[in-house]
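Work the whole structure out from these sequences, hints included.
All the letters of the sequence shown, read from the start, carry residue numbers -21 to -1, 1 to 764 under mature numbering (1 follows the signal peptide of the UniProt record, and there is no 0).
If you're looking for bench data, these hints aren't it; they were derived computationally from the structure. Don't take each hint at face value.
As the list claims (entries may be wrong) - Below, computed lysine-lysine pairings styled on BS3-like, alpha-carbon distance capped at 25 Å:
(1) Lys137 / Lys125
(2) Lys624 / Lys762
(3) Lys507 / Lys520
(4) Lys367 / Lys137
(5) Lys613 / Lys694
(6) Lys610 / Lys506
(7) Lys588 / Lys542
(8) Lys367 / Lys193
(9) Lys557 / Lys613
(10) Lys507 / Lys624
(11) Lys527 / Lys353
(12) Lys624 / Lys613
(13) Lys762 / Lys610
(14) Lys520 / Lys624
(15) Lys681 / Lys272
(16) Lys588 / Lys762
(17) Lys694 / Lys681
(18) Lys125 / Lys110
(19) Lys137 / Lys85
(20) Lys542 / Lys557
(21) Lys106 / Lys125
(22) Lys193 / Lys162
(23) Lys603 / Lys557
(24) Lys162 / Lys85
(25) Lys137 / Lys88
(26) Lys96 / Lys85
(27) Lys542 / Lys527
(28) Lys260 / Lys287
(29) Lys353 / Lys681
(30) Lys610 / Lys624
(31) Lys681 / Lys193
(32) Lys506 / Lys557
(33) Lys162 / Lys137
(34) Lys603 / Lys507
(35) Lys588 / Lys603
(36) Lys643 / Lys520
(37) Lys520 / Lys603
(38) Lys353 / Lys367
(39) Lys137 / Lys179
(40) Lys610 / Lys557
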Amino acid sequence: MEVHKAVLLLCLFRFTDVLEAYIKTDGAWIVKLPRSQYTVKTVEDCAVKCNIETSFTCRKLLNYHQYYINVIICCNDCIEFLFTEYLLECVNGIGTDYRGTKSKTKSGKTCQRWEEKFPHVPNITPKTHPKADLESNFCRNPEGDKGGPWCYTTDQEKRWEHCDIQDCTEDCMQCSGENYRGKISTTASGLTCQRWDSQKPHNHGYIPSVLPDKFLEENYCRNPDGEPKPWCFTTSPSIRWESCSIPRCTTVSPTIVQELTCASGEGSSYRGTIAVTVSGKTCQEWSSQSPHKHSNTPENYPCKGLDKNYCRNPDNERSPWCHTTDPETRWEYCSVPSCGDQPIPDSSTPCEECYEGDGSSYRGAMSETISGKKCQFWTSMEPHQHSKTPQNFPAADLRRNLCRNPDGDQAPWCYTTDPTVRWEYCNIERCDSKPGTQEPPTNPEPAASPSTSQETDCKVGNGATYRGPTSTTIMGVTCQAWSSMTPHPHLSFNPETHPDKGLESNQCRNPDNDVNGPWCYTTDPNKKWDYCQIPDCDGLKCGQPAVKPKRCFGRIVGGCISKAHSWPWQISLRTRGKIHFCGGTLINAHWVLTAAHCLERSESPSAYKILLGIHTERATESSKQERDVSKIIKGPAGTDIALLKLDRPALLNDKVLPACLPDKDYIVPSDTECYVTGWGETEGTGGEGFLKETGFPVIENKVCNRPSFLNGLVKEHQMCAGNIEGGTDSCEGDSGGPLVCFSQNTFVLQGVTSWGLGCAKAMKPGVYTRVSKFINWIEQSMKEN
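In structure tokens form, the structure reads like this:
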């Protein structure tokens, strides 16, 4: 089950006829790698080698959504190519050359893996037909059956059956085109589609590498988000996206869906008769346009069971819902019984950040794998068929798509939403593998020798044992010798009173175990003492807090109290009277990023105070750092972003640490789980006075701008995040604070809390300034000031 990454093919030269059967592609994750290696001079020579290979089926390269095993490596610094037939999700003729990934039969049965012997012992296997590409459980036609590709089924009563695969000559869609894999790449009005892997002319969150199950290839029309038909972003700067004109298939019947009377996963297969919402409102009939006009009609969604006014989920929402007969309430979710999975823990349930033993008892809220892949719902059989369901493992707490260990494996794991990677371990540490956090020793070790102290100019913990050579303060002022009484007389700390504290010269030291680290008396007559900026020996890095956050799925409105100092970049923006009114994010020792609208009360920097290193709104912690604002720089006109320069640098330590900035123009993929923190309004639900946190998904601007959501109000330099059903949001007092997203073991500042229509209201997610759009402005502003 181990996943390896490989450099695959080929050489970079001219293109000739031998390459017409191949297509350029990007690097990919692969599951196995039996391979042969050749030394050739050109890409064409490599293609010839691949074409005449007889010991295995040579496919050249992998495409991101399929298991491609056999490759030839011709060089290490290469362009990658894939044999074109492996991209086709349709059949030519009887489909003997079909190499796609369809794995269901015409009646909807899941295919049995070709190498398995249960429930059916196969006559045709990868060993008997090595050239037939009998991998996984993909439909194939190894012996030229006139009915086309087929497979053995997982149904004990049905040994085998032909598969339902579109003919390559018929470019049409079934249902609403969720599984459309054709090559139409123009919209209904004739506009050319923008490539999915491009962010020009339109930024978007539909990233092919993050959403491999959506088959976002080239610039082909697709339906990744539950629209009535396939669509694409256009190459016209003035038209962001449009639907494509793709006819519905008439020769193939719609996919048969097992009718369920309970909700499994997101409830797309629910076909029960519940017709009232969670608040008791009667559902509007799907075929009716009164009192609410909508596009969720039986005509647009012919395979979603939109009968009468029954609760359904036609458009990939989180659970079954309906439009209501109340003119004031457009839609609501329904109380549909679950098929075994339980609700996610509420905000009062602490979220575990590590697991004990093999993780069988882990009950945390992690839902991403060690390589960053999103977990598949345990109740879902897409994209991976499995038996690890809540019904089969009732004691394993298989809720939603949370990482668990139902079968006694080495650690918590999950099936992934990537069709090419069946499962992976989760991104969770063992509790006993974490480095211990200890209070500074009451009896520090003896001072290091001069040679050692010269070599190691860094501190451990609060720096009580620091014996390095630094002898200037955070502001660059030279330290006064500890034995000197000029310019500042003192009796508390000198070589005589503290002979074991390293006070022999004027180097920065921490003789009193100050939580903020080493300090010294200064040679500035107007400043008696100040801290020193000593780097941490463990290498404190932006976005990597020493105290791991809960990352809970609670809410700021409703109260999910954070662990103290687990979000060390969070600052409190205050009036001169030290009353909190907005948040902000430390991005380096000198600068804070916040929202421009937080600064409307005054243009004068002297009107504001910034507090760092605090957990409570009362700010009574000994780790508190207080700074004045020396400069305000507001973002470009029409944007809600601003930089605040501190009058003196922040002292960076395990309680005050910057968040990382994103790459320029980076777009956070849709459904990425991100986190907001703040001391904002809780609307009487408790937890006031403490820093609170919440986690919720990013919502693609295309969805957020739908008429029923924010109706086009979200601009390109902004982003949406929140739960569509409400209940989780930032609120008043959180403005200017951070929206951070976790990536590669680091929290990256992707958004600045900007505005919203109310707090935690359904279909009204929060809006955040998209930081990646302002990287040039941020860097230039800091450089010039």
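Hints, one by one, checked against the model:
| no. | hint | in the structure |
| --- | --- | --- |
| 1 | Lys137 / Lys125 | 19 Å, holds |
| 2 | Lys624 / Lys762 | 12 Å, holds |
| 3 | Lys507 / Lys520 | 31 Å, violated |
| 4 | Lys367 / Lys137 | 23 Å, holds |
| 5 | Lys613 / Lys694 | 18 Å, holds |
| 6 | Lys610 / Lys506 | 22 Å, holds |
| 7 | Lys588 / Lys542 | 24 Å, holds |
| 8 | Lys367 / Lys193 | 24 Å, holds |
| 9 | Lys557 / Lys613 | 22 Å, holds |
| 10 | Lys507 / Lys624 | 24 Å, holds |
| 11 | Lys527 / Lys353 | 21 Å, holds |
| 12 | Lys624 / Lys613 | 11 Å, holds |
| 13 | Lys762 / Lys610 | 13 Å, holds |
| 14 | Lys520 / Lys624 | 21 Å, holds |
| 15 | Lys681 / Lys272 | 19 Å, holds |
| 16 | Lys588 / Lys762 | 23 Å, holds |
| 17 | Lys694 / Lys681 | 10 Å, holds |
| 18 | Lys125 / Lys110 | 19 Å, holds |
| 19 | Lys137 / Lys85 | 12 Å, holds |
| 20 | Lys542 / Lys557 | 23 Å, holds |
| 21 | Lys106 / Lys125 | 23 Å, holds |
| 22 | Lys193 / Lys162 | 14 Å, holds |
| 23 | Lys603 / Lys557 | 13 Å, holds |
| 24 | Lys162 / Lys85 | 23 Å, holds |
| 25 | Lys137 / Lys88 | 9 Å, holds |
| 26 | Lys96 / Lys85 | 22 Å, holds |
| 27 | Lys542 / Lys527 | 8 Å, holds |
| 28 | Lys260 / Lys287 | 15 Å, holds |
| 29 | Lys353 / Lys681 | 21 Å, holds |
| 30 | Lys610 / Lys624 | 5 Å, holds |
| 31 | Lys681 / Lys193 | 16 Å, holds |
| 32 | Lys506 / Lys557 | 23 Å, holds |
| 33 | Lys162 / Lys137 | 34 Å, violated |
| 34 | Lys603 / Lys507 | 19 Å, holds |
| 35 | Lys588 / Lys603 | 13 Å, holds |
| 36 | Lys643 / Lys520 | 20 Å, holds |
| 37 | Lys520 / Lys603 | 20 Å, holds |
| 38 | Lys353 / Lys367 | 17 Å, holds |
| 39 | Lys137 / Lys179 | 49 Å, violated |
| 40 | Lys610 / Lys557 | 18 Å, holds |
In this structure, the hints that do not hold are numbers 3, 33 and 39, in rising order.
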